[in-house]
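Engineer: Put together the whole structure using the sequences plus the hints.
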Amino acid sequence: MQPRIESVPEKKLVGNAVTMSLIDNKTFELFSGFMPNRKQVKSSVGTAIYEVMEYDAAHFKNFNPNKTFKKWATLEVENLEEIPESMSTLVLENGLYAVFTYKGLAKDFSSLMQYVFTEWLPKSEYALDHRAHFNVLGDKYIKDSPDSEEEVYIPIKLK
Numbered sequence: 727m728q729p730r731i732e733s734v735p736e737k738k739l740v741g742n743a744v745t746m747s748l749i750d751n752k753t754f755e756l757f758s759g760f761m762p763n764r765k766q767v768k769s770s771v772g773t774a775i776y777e778v779m780e781y782d783a784a785h786f787k788n789f790n791p792n793k794t795f796k797k798w799a800t801l802e803v804e805n806l807e808e809i810p811e812s813m814s815t816l817v818l819e820n821g822l823y824a825v826f827t828y829k830g831l832a833k834d835f836s837s838l839m840q841y842v843f844t845e846w847l848p849k850s851e852y853a854l855d856h857r858a859h860f861n862v863l864g865d866k867y868i869k870d871s872p873d874s875e876e877e878v879y880i881p882i883k884l885k
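Letter by letter, the sequence shown follows residues 727 to 885 of this note's numbering.
What the hints contain is simulated information worked out from the structure, not anything from laboratory work.
Hints are supplied without guarantee of correctness; some may be wrong.
Stated by the list, open to error - Here are the simulated DSBU-like pairs of lysine-lysine, each with C-alpha atoms no more than 35 Å apart in a straight line:
no., residue 1, residue 2
1, LYS885, LYS793
2, LYS829, LYS866
3, LYS752, LYS787
4, LYS883, LYS866
5, LYS883, LYS793
6, LYS849, LYS793
What the hints assert, rightly or not - Ranges between beta-carbon positions, derived for each pair:
no., residue 1, residue 2, range
7, GLU851, ILE809, 34 to 44 Å
8, ASP865, LEU831, 16 to 26 Å
9, GLU811, LYS885, 36 to 46 Å
10, LYS765, ASN790, 30 to 40 Å
11, ILE868, GLN728, 21 to 31 Å
12, ASN805, GLN840, 36 to 46 Å
13, SER871, GLN840, 18 to 28 Å
14, LYS752, GLU819, 17 to 27 Å
15, GLY864, GLU755, 17 to 27 Å
16, GLU811, THR844, 37 to 47 Å
17, LYS883, PHE795, 14 to 24 Å
18, LEU831, GLU804, 32 to 42 Å
These numbers were taken from a predicted model, which means no experiment stands behind them.
C-beta: ideal position from N, C-alpha, C; glycine also.
Structural biologist: Printed below as a string of structure tokens:
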């Protein structure tokens, strides 16, 4: 599975965030709180949901499923002027990304991540960059379906 390499411009996002780990996974509660309220977001750009993960600089040095990170459920917006009271803003930095298409169930997503970090990245001409990772859940995303598709953006830089 080869990704496409894409230069992504800065993106303005609005949504909700939680601090979690892989062991203390709060994804369900994050999205359960965000999805019913997403229509409150004004000036959204499209309908795709951006699932954003912010990791500290040492997060990927030694894998530990108890390490915490911040996960967001967001929509892209044209501007950050009208923010619903219950939500926050996030600006994704522009930069280079390896973009993988994941098809399958959420419970099997770790197999893609294992491939990216143990096979593709070490053999590529790229290194992991310290910026937010994100997944775009667009028209082909179907919750709890083996036919679901999402795009996975891994921040990279030349080695």
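Engineer: Could you tell me which of the hints above the structure violates, numbers in ascending order?
Structural biologist: Violated hints: none; all satisfied.
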